[in-house]
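The primary structure of each chain is shown beneath.
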Amino acid sequence: MGVPAAGLVVVPLNTRHAVTELKYALEDSQTKVLLIDRDPGELADCVNHVILIPDAYDAMLSAAQERELGVDVRESDLAGLFYTGGTTGKSRGVMLSHRNLIANAFHYMTTVPQREDDLMLVMAPLFHAAGSNGVIANIWTLGTQVTLAAFDPNACVREELPIVLVSMVFIQYLRMSSPMS
Amino acid sequence: MHTFADPLRYASRMAPTKTAVIDGNESIDFAELHRRCRLLAGGLLALGLDKGDRVAILASNGQR
Chain A
1 MGVPAAGLVV VPLNTRHAVT ELKYALEDSQ TKVLLIDRDP GELADCVNHV ILIPDAYDAM
61 LSAAQERELG VDVRESDLAG LFYTGGTTGK SRGVMLSHRN LIANAFHYMT TVPQREDDLM
121 LVMAPLFHAA GSNGVIANIW TLGTQVTLAA FDPNACVREE LPIVLVSMVF IQYLRMSSPM
181 S
Chain B
182 MHTFADPLRY ASRMAPTKTA VIDGNESIDF AELHRRCRLL AGGLLALGLD KGDRVAILAS
242 NGQR
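For the protein sequence lines, the chains are A and B, in the order given. Number 47 in the numbering used here belongs to position 47 of the first sequence; there are no gaps in the numbering. Number 235 in the numbering used here belongs to position 54 of the second sequence; there are no gaps in the numbering.
Treat the hints as calculated values from the structure; they're not laboratory data.
Derived, one-sided and incomplete: chain B residues facing chain A with beta-carbon distance under 8 angstroms:
#, residue
1, Met195
2, Arg217
3, Leu220
4, Asp234
5, Ala237
In this text, a Cβ means the ideal position worked out from N, Cα and C, and glycines have one as well.
Extracted from the complex, chain A is given alone in its bound form:
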């Protein structure tokens, strides 16, 4: 959220991609800074700065001066470059503007009723446009988001969460593993 709000362009990388694909995305997008929660390996050579999550990231925030968000940022400005999964060929960086991503969130808000007392499980990967879309909507409608690092179908039952962004895999899992305990 903070990256595009600052007028920068976010490149959410797929955590399931291989090094070759990740390097391609970094080079193709001419990424300057990489925020990463694992060993960057040779990806470090593709960028000017590597910031490790959580330690270096938290240190950067502690040392930083707050900057007002949205200054000189226009709706038509590029907000994110989402690299496609590569199912139908080489991965491509899809250019999405602030207007594109916010329109997407508005559509989501009109089709999935949202309330202030919602607890939203953020299990769908945030590197995917479908995963990040709900985040914008949920902030706007003042809901609470619970982040989950990895796919864990039982977590939403444990946590008694009413709204979850699900995929077919998830529904299949529920059908196959009943009764849920």
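With chain A held as given, fit chain B onto it using these hints.
Showing chain B alone in chain A's frame:
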């Protein structure tokens, strides 16, 4: 006209102390979420980045 700054600003004004994100044992409210995004902006721009520069993220879901 809306940008990514708007939902953050709106939520921190409307419900500053309401819980925005729960990540494991840590939970942060909307005012803190907005503050952390402003700090991230400050930290990244201090590295010498200009408007439109690319910042990649490779991480599992979490509040950061």
